[in-house]
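Protein chains in written order, with numbering that gives the first Met the number 0: chain A, 0 to 430; chain B, 0 to 176; chain C, 0 to 110.
In short, the hints are calculated from the structure, not lab data. The structure presented is a predicted model; accordingly, all values stated were derived computationally and were not measured.
Dumping the calculated DSSO-like pairs for lysine-lysine here, alpha-carbon to alpha-carbon at most 27 Å:
no., chain 1, residue 1, chain 2, residue 2
1, C, K97, B, K173
2, A, K50, A, K82
3, B, K92, C, K97
4, C, K97, B, K88
5, C, K109, B, K88
6, A, K398, B, K173
7, C, K109, C, K97
8, B, K174, C, K109
9, B, K92, C, K109
10, C, K97, B, K28
11, B, K174, A, K394
12, A, K331, A, K78
Short, incomplete list of chain B residues facing chain C, as computed with Cβ under 8 Å:
no., residue
13, V75
14, Y112
15, N140
Note that beta-carbon positions come from the ideal geometry of N, C-alpha and C, so glycine has one too.
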Amino acid sequence: MHDLIQYITGYLSSDQTPGAAGNWFWATVYILLVFVGLSVAVIAMNWLERKILAHMQVRLGPMRVGPHGLLQPIADALKLLLKEDIIPAEADVTVFWIAPFIVVLAAFTVFVVVPFGATHAITDMNIGVLFMLGVSSLAVLGIVTAGWSSNSHYPLLGALRSSAQMVSYEVAMGLAVVSAIMMTSLNEEGVGTLSMIGIVQAQFDQKQWFLFKFFPLGIIAFGIFAIAMVAETNRAPFDLPEAESELTAGFHTEYSGFRWSLFFLAEYSAMIAVSSIAVTLWLGGWLRPFPNTLTGATWDLVFSLFPGLTFLFLAGLTFYSTARMPKHPFFKIQTMGLGGFGALLAAIALILFVPGVRTRVQDIYWFSIKVSGFMYLYIWYRGTFPRYRFDQLMKVGWKVLLPIGFALLIVTAVVAMRAELWASITGGGHP
Amino acid sequence: MNPPVATPFFFYGLSLIMIIGGILVITRKNAVHSALALITTLLAQAALYLMLYAPFVAGVQIILYAGGIMVLFLFVIMLISIERTQKEKQFNKQWIVGIVAALALGALFVAVYTKTSRGLTLFIEGRSNYVENQNVQNVANLLFDRGAGQYMFAFEIASLLLLVAIIGAVVMAKKRI
Amino acid sequence: MDTLLHISTLHYLVLGAALFILGVIGVLTRRNVVIILMSIELILNAVNLNLVAFSRYWQSIHGPAALHGQVFAIFVITDAAAEAAVGLGILIAFFRNKETVNVDEVNLLKW
Numbered sequence: 000m001h002d003l004i005q006y007i008t009g010y011l012s013s014d015q016t017p018g019a020a021g022n023w024f025w026a027t028v029y030i031l032l033v034f035v036g037l038s039v040a041v042i043a044m045n046w047l048e049r050k051i052l053a054h055m056q057v058r059l060g061p062m063r064v065g066p067h068g069l070l071q072p073i074a075d076a077l078k079l080l081l082k083e084d085i086i087p088a089e090a091d092v093t094v095f096w097i098a099p100f101i102v103v104l105a106a107f108t109v110f111v112v113v114p115f116g117a118t119h120a121i122t123d124m125n126i127g128v129l130f131m132l133g134v135s136s137l138a139v140l141g142i143v144t145a146g147w148s149s150n151s152h153y154p155l156l157g158a159l160r161s162s163a164q165m166v167s168y169e170v171a172m173g174l175a176v177v178s179a180i181m182m183t184s185l186n187e188e189g190v191g192t193l194s195m196i197g198i199v200q201a202q203f204d205q206k207q208w209f210l211f212k213f214f215p216l217g218i219i220a221f222g223i224f225a226i227a228m229v230a231e232t233n234r235a236p237f238d239l240p241e242a243e244s245e246l247t248a249g250f251h252t253e254y255s256g257f258r259w260s261l262f263f264l265a266e267y268s269a270m271i272a273v274s275s276i277a278v279t280l281w282l283g284g285w286l287r288p289f290p291n292t293l294t295g296a297t298w299d300l301v302f303s304l305f306p307g308l309t310f311l312f313l314a315g316l317t318f319y320s321t322a323r324m325p326k327h328p329f330f331k332i333q334t335m336g337l338g339g340f341g342a343l344l345a346a347i348a349l350i351l352f353v354p355g356v357r358t359r360v361q362d363i364y365w366f367s368i369k370v371s372g373f374m375y376l377y378i379w380y381r382g383t384f385p386r387y388r389f390d391q392l393m394k395v396g397w398k399v400l401l402p403i404g405f406a407l408l409i410v411t412a413v414v415a416m417r418a419e420l421w422a423s424i425t426g427g428g429h430p
Numbered sequence: 000m001n002p003p004v005a006t007p008f009f010f011y012g013l014s015l016i017m018i019i020g021g022i023l024v025i026t027r028k029n030a031v032h033s034a035l036a037l038i039t040t041l042l043a044q045a046a047l048y049l050m051l052y053a054p055f056v057a058g059v060q061i062i063l064y065a066g067g068i069m070v071l072f073l074f075v076i077m078l079i080s081i082e083r084t085q086k087e088k089q090f091n092k093q094w095i096v097g098i099v100a101a102l103a104l105g106a107l108f109v110a111v112y113t114k115t116s117r118g119l120t121l122f123i124e125g126r127s128n129y130v131e132n133q134n135v136q137n138v139a140n141l142l143f144d145r146g147a148g149q150y151m152f153a154f155e156i157a158s159l160l161l162l163v164a165i166i167g168a169v170v171m172a173k174k175r176i
Numbered sequence: 000m001d002t003l004l005h006i007s008t009l010h011y012l013v014l015g016a017a018l019f020i021l022g023v024i025g026v027l028t029r030r031n032v033v034i035i036l037m038s039i040e041l042i043l044n045a046v047n048l049n050l051v052a053f054s055r056y057w058q059s060i061h062g063p064a065a066l067h068g069q070v071f072a073i074f075v076i077t078d079a080a081a082e083a084a085v086g087l088g089i090l091i092a093f094f095r096n097k098e099t100v101n102v103d104e105v106n107l108l109k110w
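Take the sequences, apply the hints, and build the full model.
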C-alpha cells in the first residue's frame, strides 16, 4: 500500500511525461482528463458555433433553451441519445456499426501526443508528428466504410468525394509539416526532432516562433497548413461532401441519433487535433508570448495573471448580460441561471489567481488560448466564405498547394542549410 | 536491465488479433469485410513494430499501409460491382492441394527456425539496450548521412520506382489513352 | 514455459511464418482478384515483420545505430505501395473489358 502511494506521488516531482516515465497510473489520469476536456470542448464548440454564426448573420441564435441558449448543447445531446436508431434496409450491418467507431478512434487517439505543457502530455513519442499525421489519416477509412455500408447513392458519393478530398490535402499538410520540422535542426548538433515537445523546445531555444522564422517562409508554410487543415476536416469552405444543399449531408446521411453524434464528436475533435499540430509547429505550443526577451520575475508574474483575467472578463460579460435580461417574471429563472453561471466563472477566475495554481496552469492556458483562436477562425470561415465546387477543390489541392509546398520545401532547405551548402560548393572545409 | 513486464501479454494479444485478421481476410465472401480485417491486421502489426522498438517503421506503416494502400483497395472494391461475385463460388477447385502445400511450407519454416546446432539456439537474446529516443535520427543517418549512410542510392531508386508506378497506374486505368 | 513467456526473436519469426502461410493460402485458393492482391499484402507484411525482428536482434549485438532491417522494411513498404497501385490499375483495366473479377476467367490468351 505504501508502495502504491509512493508510486503515485513519486511521479509528481519528475520532469517527464507519464508515458516517458512509465507511470501507468498518471498516464490513465491524463487520458481521462483529455477525454473529459475534449468532451467539454466539443460541447462548448457546438454552442459557440451556433451563436457566433448567428451573430455574423445578424441574428441571435439559440436563446430559449437556457439563458442565451447555454443549455442548447445539452438539449441537443439528449435529443440525439433518445432518437430512434434507424438502419437502412439491405445495409451491411456489421460495417454500418463499425464505421463511426473508426472515425472516433482516429480522432481521439491523436491526443496521446498533443503537448499541453512541457510535461503535460500523455506521452512524448519520438515520432510525435508522424504519429499524429498517420492516425488522423485513418479517419478516411471510417468515412469510406460509412458511405459504402449505407447502401444508398448519396452517402456513397459523399464518402468518395470526402475521402478523395482528405487524401489530397494530406499531401499538402505533410509538405508544410516537413518544412517546419527542418527548422528544428538548426541547433548546435544539427539534429532535428519529430517529437512534439522537442519541436516547442526547439522554438524556445531558437528564441523565435517558427511562424516568423526565415520570413516569409514560415508564414507560407503556416498558410499552406492552415488551408489544408480546413480541407482535411471537411469544414467550410471545403465542405461540399457534407453540405445540405448539395448531397443531403453526404456520408452521414443514413446515420441518426447516437451514431451521428459520434461523427459530430469526431469532426470537432479532429478540428482541435489539427489545430494543435498547427499551434505546436508554428505558434510556439505552450510558450507564453516573449519567453526569451521579456524574462524575469515581474514579467512572469504579469503573464501568469492572464488566465484569471480571462475568466474575470468572461464573468464580467455574463454579469453584464444578466443585467440586460428583460425584467418580466417569465425570465426570472433564466436570469438566476445566468447569474449563477457568472458566479461560477468568477469563482474559477479567483481559483486561477492563487499563486500555486497560477504557475501550473500557465502552459495549458496559453496552449488552449491559441487553439481557441483557431476554432474561432474555423467558425469565421464558415460564416464568410462561399463553398468550393468539388473540381475547384481538387484543383486547389493538387495544382496550387502542392507546387507551392514543394517550392517552399526546397527554398526552406536551401535557406536553412545555406552555410553548409556554400561550404560544400566552394569546397572549403567539411560540409 | 529487465524487459518490460507485460510484453508476453501484449505480444500474444496482438498476434492473436493478427492471425484472426489474416484468417478473416482469406475466408470472407465480401471483399469489404476482407479489407477491414486486413486493416486490423496492419494496425496490430504497427503495434508489434512499436514493441520491437521501431517507432518510425510503425508510423510509416500506419500512414502508408493502413491510411494509403487500404484506402486505395477500398476505392477499387467500390468501383467494381461485387454483388455478382458474392453469389459465385469463392474457393478454387484445387483448394485442398493449396492448403496442404502451404502448410508443408510452414512446417519447413518452423523446422528451420527451431533447429539447434551444437547445442546453441539460433537467436540469443541480447536485450542490453532499450534505446528508442534516437530511432528516427539513426534511420535518417543510415539513409542520408554522407559518411555512414549506405542507402542513399536505394532511396533514389525507390523514388524513381514510385514515379514509374504512378505513371503506369494512371495510364492503365484511364478510359482512353 | 520459459520459452513461451520470454519473448525472443523466435516468437516474431514464427508469427511471421504464420502470416506468410495465411497469405499463401489466400493466393492459392481464392478466386477473387482483389482478395488475392490483399493476400499478397499479407505476405509482404510477414516479410516486414521478419526484417524488423532481425533488425532488433542485430541492434542488440551491433549497437543502437545498426537499423538496417528497419530501413529495408521501409523500402519494402514503399514497394508494396507501388505494386498495389499498379496491380489495381491492371485490375480496373481488365474489369472494364470483361466485367468480372474472377481469376479463373482471365483466360483470353488460352489456346
